[in-house]
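Protein chains in written order, with numbering that gives the first Met the number 0: chain A, 0 to 508; chain B, 0 to 508; chain C, 0 to 508; chain D, 0 to 508.
No lab work stands behind these hints: they were computed from the structure.
Since this is a predicted model, take the numbers as computed values, not measurements.
There could be a bad hint or two in this list.
It does not matter which identical chain is used: a pair holds within one copy or between any two.
Here are the simulated DMTMM-like pairs of lysine to aspartate or glutamate, each with C-alpha atoms no more than 20 Å apart in a straight line [to be verified]:
{"hint": "1", "residue 1": "LYS337", "residue 2": "GLU452"}
{"hint": "2", "residue 1": "LYS309", "residue 2": "ASP331"}
{"hint": "3", "residue 1": "LYS309", "residue 2": "ASP479"}
{"hint": "4", "residue 1": "LYS224", "residue 2": "GLU197"}
{"hint": "5", "residue 1": "LYS410", "residue 2": "ASP364"}
{"hint": "6", "residue 1": "LYS367", "residue 2": "GLU99"}
{"hint": "7", "residue 1": "LYS410", "residue 2": "ASP479"}
{"hint": "8", "residue 1": "LYS89", "residue 2": "ASP71"}
{"hint": "9", "residue 1": "LYS410", "residue 2": "GLU104"}
{"hint": "10", "residue 1": "LYS248", "residue 2": "GLU484"}
{"hint": "11", "residue 1": "LYS179", "residue 2": "GLU92"}
{"hint": "12", "residue 1": "LYS465", "residue 2": "GLU99"}
{"hint": "13", "residue 1": "LYS355", "residue 2": "GLU488"}
{"hint": "14", "residue 1": "LYS456", "residue 2": "GLU488"}
{"hint": "15", "residue 1": "LYS179", "residue 2": "GLU488"}
4 protein chains.
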Amino acid sequence: MLSSKKKYIVNSNSGIKAQQIQFADQKQEFNKRPTKIGRRSLSRSISQSSTDSYSSAASYTDSSDDETSPRDKQQKNSKGSSDFCVKNIKQAEFGRREIEIAEQEMPALMALRKRAQGEKPLAGAKIVGCTHITAQTAVLMETLGALGAQCRWAACNIYSTLNEVAAALAESGFPVFAWKGESEDDFWWCIDRCVNVEGWQPNMILDDGGDLTHWIYKKYPNMFKKIKGIVEESVTGVHRLYQLSKAGKLCVPAMNVNDSVTKQKFDNLYCCRESILDGLKRTTDMMFGGKQVVVCGYGEVGKGCCAALKAMGSIVYVTEIDPICALQACMDGFRLVKLNEVIRQVDIVITCTGNKNVVTREHLDRMKNSCIVCNMGHSNTEIDVASLRTPELTWERVRSQVDHVIWPDGKRIVLLAEGRLLNLSCSTVPTFVLSITATTQALALIELYNAPEGRYKQDVYLLPKKMDEYVASLHLPTFDAHLTELTDEQAKYLGLNKNGPFKPNYYRY
Amino acid sequence: MLSSKKKYIVNSNSGIKAQQIQFADQKQEFNKRPTKIGRRSLSRSISQSSTDSYSSAASYTDSSDDETSPRDKQQKNSKGSSDFCVKNIKQAEFGRREIEIAEQEMPALMALRKRAQGEKPLAGAKIVGCTHITAQTAVLMETLGALGAQCRWAACNIYSTLNEVAAALAESGFPVFAWKGESEDDFWWCIDRCVNVEGWQPNMILDDGGDLTHWIYKKYPNMFKKIKGIVEESVTGVHRLYQLSKAGKLCVPAMNVNDSVTKQKFDNLYCCRESILDGLKRTTDMMFGGKQVVVCGYGEVGKGCCAALKAMGSIVYVTEIDPICALQACMDGFRLVKLNEVIRQVDIVITCTGNKNVVTREHLDRMKNSCIVCNMGHSNTEIDVASLRTPELTWERVRSQVDHVIWPDGKRIVLLAEGRLLNLSCSTVPTFVLSITATTQALALIELYNAPEGRYKQDVYLLPKKMDEYVASLHLPTFDAHLTELTDEQAKYLGLNKNGPFKPNYYRY
Amino acid sequence: MLSSKKKYIVNSNSGIKAQQIQFADQKQEFNKRPTKIGRRSLSRSISQSSTDSYSSAASYTDSSDDETSPRDKQQKNSKGSSDFCVKNIKQAEFGRREIEIAEQEMPALMALRKRAQGEKPLAGAKIVGCTHITAQTAVLMETLGALGAQCRWAACNIYSTLNEVAAALAESGFPVFAWKGESEDDFWWCIDRCVNVEGWQPNMILDDGGDLTHWIYKKYPNMFKKIKGIVEESVTGVHRLYQLSKAGKLCVPAMNVNDSVTKQKFDNLYCCRESILDGLKRTTDMMFGGKQVVVCGYGEVGKGCCAALKAMGSIVYVTEIDPICALQACMDGFRLVKLNEVIRQVDIVITCTGNKNVVTREHLDRMKNSCIVCNMGHSNTEIDVASLRTPELTWERVRSQVDHVIWPDGKRIVLLAEGRLLNLSCSTVPTFVLSITATTQALALIELYNAPEGRYKQDVYLLPKKMDEYVASLHLPTFDAHLTELTDEQAKYLGLNKNGPFKPNYYRY
Amino acid sequence: MLSSKKKYIVNSNSGIKAQQIQFADQKQEFNKRPTKIGRRSLSRSISQSSTDSYSSAASYTDSSDDETSPRDKQQKNSKGSSDFCVKNIKQAEFGRREIEIAEQEMPALMALRKRAQGEKPLAGAKIVGCTHITAQTAVLMETLGALGAQCRWAACNIYSTLNEVAAALAESGFPVFAWKGESEDDFWWCIDRCVNVEGWQPNMILDDGGDLTHWIYKKYPNMFKKIKGIVEESVTGVHRLYQLSKAGKLCVPAMNVNDSVTKQKFDNLYCCRESILDGLKRTTDMMFGGKQVVVCGYGEVGKGCCAALKAMGSIVYVTEIDPICALQACMDGFRLVKLNEVIRQVDIVITCTGNKNVVTREHLDRMKNSCIVCNMGHSNTEIDVASLRTPELTWERVRSQVDHVIWPDGKRIVLLAEGRLLNLSCSTVPTFVLSITATTQALALIELYNAPEGRYKQDVYLLPKKMDEYVASLHLPTFDAHLTELTDEQAKYLGLNKNGPFKPNYYRY
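Same shape as in the complex, but just chain A (with noise of 0.2 Å):
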């Protein structure tokens, strides 16, 4: 689905073999998954591309000659804490000022620390979770304790976790256990420290792929006697949940906050029509006026990087399945058109399906030279990218993220990422995007929380209307905007409640 596209990475060989661990009856359930190649790189300074930002303090820190694995070190903070484990306490200082540019990136969860100074919503609250760990997550983190609540975290992603930021977080008294590199054996083990604890229960969980939950279910089942819910994030955890759900398995309420309005718009179309931009620009350098595009797929990601193409001078044509976003596109000012039709004439190709295989050997054979290929839909499944490894076709490695695969007559296709997500692996995702994500977080979990008994069953729920205006009216001082009131009597009027929601449920913005 085009909503799932949005959630995979980089690292591409990071979870693949988790699949391995063993536990007789969970293999067949990971199996199910679509594998855990990717979720997304949540930080700036991680991405590929951008290896030269804050490189002096990320290389100094990291280029450890220290080859201990961080479970066999003895680490203490300063205020004699060990109940943490990560790369080098002492890097605390680097990810602490990280943590702080973040801070100011991220207004609505410094607004929600300073609403809540007085009461406590989360008081009591005693969250174990499982997400990348970043700046971003580590402002999400505190704000989570300032508002009362108990952390323990490990990362979802065995390469994603910043360690100076990981330093910052033990040091600041946050049990957290993950470093950058993990084994996947360390994965499961950091997970567990988080959740096996003497003396400590939790009795929230926030999840970013689901195997956090999995792990609790798989050996912990008892402790979902005291859990009042389930944050999930990714679409692959949410997929799980439902699944679940399904089988009559879930067994506390769970918040599905992957599909807020809010959330989708900035993950894809705002977030999307610039990084195609900034992908395409940092790998090759091209020029986009004038340039023939297609576009596979005409859906939120779709109508991002078209609008942007648009924009800088590109010819876009787009392709589609459905009609009704077919005749979107049309109204918008795009031919729509097979594919086969225009391979021939265009210098760029990309997909936004959420498909597979729409990119085949057949079209790549029939491209001009100098093609560039690339993907920002899912994972890696929409160009056939195992059908370039034929051995009448030579690779060429170009520069990082680029390859050049040479035909016998010496045409050249440019092929990003290798057909991974271009805007994870060769671009950026804005602290913005992240803080509307975190701030998400957080209101769900507030919500779950303090909802009185009853109010949600054992199943996945959507965040409330309410709370997604509420995110959103966060952010909005970010952009010195003023929202206007409703009169009492314009309230009557609409029959609505002058603090939201304002919109039926189905209303598609």
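Starting from the structure of chain A, add chains B, C and D where the hints point.
What follows is chains B, C and D alone, placed relative to chain A:
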């Protein structure tokens, strides 16, 4: 509500008195409706700002010194039938030409006719209809006929009937009861003539506004035993159906075609993107470049207006009450303000809210000289026009639909269409948009008529997504647009049927 | 040339040969011209597509059963003067209202009036003018008067005079000789009445088309001894002046105000960006979204048309002969094609070339049914309309300015304005654009009148850049635009005078 | 002036000391030039923000433990020639690959090679060149060779030489004298080696910056007797030529290729439209949507920046000193303000003026926290960076090209590239833009070399418009663009030659 905004219109006196029609128990219900003021003016020919179009024909045939009421005339068509009542059967030829021109721009209905030549999906259907009687409706009716249905028809608005078209329909055998300038008594008499027929009983209802449905409820409730369903197009009519349903009084399935994706996008976003420019130009001949504009409301209509004016070089400000729409406005590049912040500096004020008294007398007092004020949203509630009817202000009608309201100090405000809908009063609705609506209606009739027992209960339904997609697909050939088909492998991967529906119900497009 | 495109109107042969006017054989030449109807239709009020505007007033005053020639009438204004000749002096009041409305939209001239209240830069100037007589011209004339000049005026077009405005001018003391529907004889008689006056001899000429200049050359060559200069606005007139200059016959300085930057940009790029949409909507009510359009020519006019249609969701192709403009089209995102490549598929063909027979019968034969064809470029030469006047084709006038040309197989081409200029025939020129022109004319008169002996020879000059800049600066307040001033240090660094001119002559803007 | 803005750059220390080179009479002239700081960084490979590109190859070959000066090495190419001086002839193969890649993106030069295979328009030409030595220059040189010329070449910048490319050129027989990291003494030594050759004397000069020309003037003035002309690309060099011309010292014709239409539009409008986004993203990873931006200056560069940011959803304000450009900004939809009016509210400040101290310390003091400040205009004069070097402000380098300047109250301003040109420091110049320049240079050489005696005097000329058009036409195939040809009849009607030139010299495009 925003979604109701496009349904009202022009002929402000039309239906108001209709309420006075005497059914004891009916009165109260009629009073509940917002009134019949309005509905959309369907035909370009009757748009007040395009009175010159086709005017020779129209005026020739209309300038009837003939004051006789059609009810008092004896007319026969060329086949000898007199089962109709129109202004003048001799105008049939003029009407036929209009219908033929409309056919060229309604390819979807023509395609439906062709596809259905073999089978007759409406064979046996006896449809009674109550809609605007225009060339476009005629194409719909003749399509229904070609699909096997028998039809009887009345007008849903006492002013909107095109007499020539009504004549052409009568001439070709349709029992049509409608003319321009009906009295209220005529109005109900016409409806009654459609349903109260010996030896013929309707089994389907196509309604626009709910008056026909209401009439049958009140007068011939037993008819519903044979009726398979109601298709209702207008916001008002849909509202009444939901009320019936809530009250447990709806005794047949009803299809709400107003909220289908395709119809909504075309009625609002795509249509208004063009009509805001058209309406402003035709009334004021102003230049858009460099003008400062405030658009109140950033729903579909507001989005269309903003996009168009931005593209023409205007500087656009937006006001909103909903933080999600507000955030969209920000990301689309518009300053989000309160009306008061910019009211002194803007050249144009446009309301698109669905709300009431969005522009108050206080705002009007503060506007600068020559400021243009108009309404693209709902009925005539958005601008508090009544507040301008005070002795110290002078009104000067400077051209059709354009008033100067003059303050004591000489300041002039340019009020368009007296605060009624600009796009309906001063612009025209393209046939292509009407084609979308008519096709949706036809498909809804087919669906309801052919649905297996039990698929639809006594409730109000949205058009099945697959049908919505079908409407879209029928309009793609207009743009020479080529849809891509899923391969079997891809359909399986996505878990979709190759023929759709392609999206979950909550998909936002 | 492209640059000449916006100055002609309708009747392509009109003035060029007019130079040869021999008095004896002149009449017959007049007969060759389709009439002088034409040049630009200056007033919105007389635009054929907006005949409804102010129509009550207009028709009231114009529907004169009064068939007497103004030349045969005895009229006096309220001050007792009869030194004028207009249709009906009693219409003065209506005209005054039109002038007052125009004043509100011509702030630059009003500002000039104010600034010049003390000094009178045109004191002593005796200006004879020959232009369209419209409300906007009236504002210009009264400004010249306020600056100290005496004026006498005739119309440059036998159809374009607004009688009410002429009456208002006469009433307030301007010797005006003009009415709508002059004969050719009237035309020259009026001009003669302006210059052939006892005790008054002009020392400045303001001409639009060159007829006034020509008349003085032929009849009163001695007058040039006192004349300080000619200001000419039209392409035709400028062309004639350059020919005179080449031939060594120009005996006073002349100012070509047609090619000033500001005027060119507004007449072409900015004005056409809006009028292409307006003209198409008013004539066809078509929807732009998704339509395929080919624009022939990518000069300023073509750029404006393309930008507007692209913004409205049309798919735009461009044809060009000039590789530089062609490359610009590419970089702006338009497919550059030959007309033949797309002629079968497009929905609209728009010519903006200044060339002839750009759309030939062969192209017309290949267009698809319902294709719309119109001309935004030059006169009526661009589309070979004559080739459509053949027996096998049927012409059908479907509304004002819209013809269906019908092929034997039923195919219909929609031809707008019979191939004449769409923007002038079916749209209106905003007052703001006319304000730019009028201000330029006023400044040119001031410059020539006050120039020190020797600054200008007997040659044709472009408006000094500084004046061009001044025209622009006078229009900035309309947009509440705030110009930045150079500091002394910056001016020195740039080697510029702080008051301009700011750019070298070859600067392209 | 704006037009000079794009000529400066990156390697800030490069040429400064070059002034110290000791020729008594030279010093004073060098002092007159603004300094060599800068010129454009021609190759994407040396852009500081893309150091990762091709870096494996580059670093491999460059990481020479080899500290020997190239002047002290004995090197021969495979054909036995040693008439060159490069870093390491063994790097030739790497350089050849770079050249081959560049060839694919410089189709115009490749087309020139083909067209000239028969004739050799430069047969007999002996060209001495002094430009950046990059893959793109190599394509130019090899094209000149293919056209019949003999070439000798030095670098115009001590840092910009790509050693591998220089090696490849030497290997294929070009006498090249250049390496990365020359000393000033090396710099002039290399130039001297190009011109001071026994038995070979140049008859054409291709210069970028004027140093080569200067050297010959000073050391070998007699050479000019045989020199047919100079082609100069840079603003600085052109400026020096005009000074020579004014002083009556220019003794051969010179061609100013900097001001050709095509080059200007690509260097400024089209290139900056893309590089502003690229530069901001690579340095800050910011999101453009909803950001408030002020762009100082609305020339070609400003127009490009504004268009791009508006398209990405930013809210853009413009400042201008020139009322004509200001009016254009208004009509294009931007609020025209003074910097002070918006300085407190904007998120980004971009200078594109060509002026100095446009952003002063006072402005910087008033900006809000996190405001980004950068320069797209001229050299490093526009932002008063020096004013930030005061004790109370702390500078923090947060990544390459990004400094935080921190006020005592904690406010941070994000200064990019220390106020130098963002697009050159933090973005890359697409090969396509360089192709336009190189083709222009080649055509200018051909024109000057083949011009009949007397066509060009000892003066500075602009490229003939026909050549400018030819450059454009050679780049159209890249876009699969098809030019329309005039018919004989049309050419006659327009008074044009069918092959151009198509526009008068003052045409503004």
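- prompt: Between LYS410 and ASP364, at a C-alpha cutoff of 20 Å, which is it: within one copy, between copies, both, or neither?
  reply: Close inside one copy (9 Å), not across copies (41 Å); limit 20 Å.
message: Within a copy, between copies, both or neither: which one fits LYS410 and ASP479 at a CA-CA cutoff of 20 Å?
response: between (51 Å within a copy, 18 Å between copies)
query: For the identical chains here, do LYS410 and GLU104 meet the 20 Å Cα criterion within one copy, between copies, both, or neither?
result: between (45 Å within a copy, 14 Å between copies)
task: State whether the alpha carbon distance between LYS456 and GLU488 is at most 20 Å within one copy, between copies, both, or neither.
output: Classified as neither: same-chain Cα gap 36 Å, cross-chain 37 Å, threshold 20 Å.
Identical-chain pair category, LYS179 with GLU92, by Cα at 20 Å: within (18 Å within a copy, 39 Å between copies)
field: Intra/inter-copy verdict for LYS248 and GLU484 if alpha-carbon distance must be at most 20 Å
entry: neither (44 Å within a copy, 37 Å between copies)
task: Give the relationship of LYS309 and ASP331 under a CA distance limit of 20 Å: within one copy only, between copies only, both, or neither.
output: So LYS309 and ASP331 pass the 20 Å test inside a copy (10 Å) and across (9 Å) alike.
message: Treating 20 Å as the Cα threshold, decide for LYS355 and GLU488: within, between, both or neither.
response: between (53 Å within a copy, 9 Å between copies)
task: Could you place LYS224 and GLU197 in one of the four classes (within, between, both, neither) given a Cα distance threshold of 20 Å?
output: Close inside one copy (17 Å), not across copies (70 Å); limit 20 Å.
- request: Evaluate LYS179 and GLU488 at a C-alpha cut-off of 20 Å and name the case that applies: within, between, both or neither.
  value: neither (57 Å within a copy, 37 Å between copies)
task: Check LYS337 against GLU452 for me: Cα-Cα at most 20 Å, and say if that holds within a copy, between copies, both or neither.
output: neither (53 Å within a copy, 40 Å between copies)
message: Within a copy, between copies, both or neither: which one fits LYS309 and ASP479 at a CA-CA cutoff of 20 Å?
response: So LYS309 and ASP479 pass the 20 Å test across copies only (18 Å; inside, 28 Å).
This entry does not satisfy hints 1, 10, 12, 14 and 15, going by the numbered hints stated previously.
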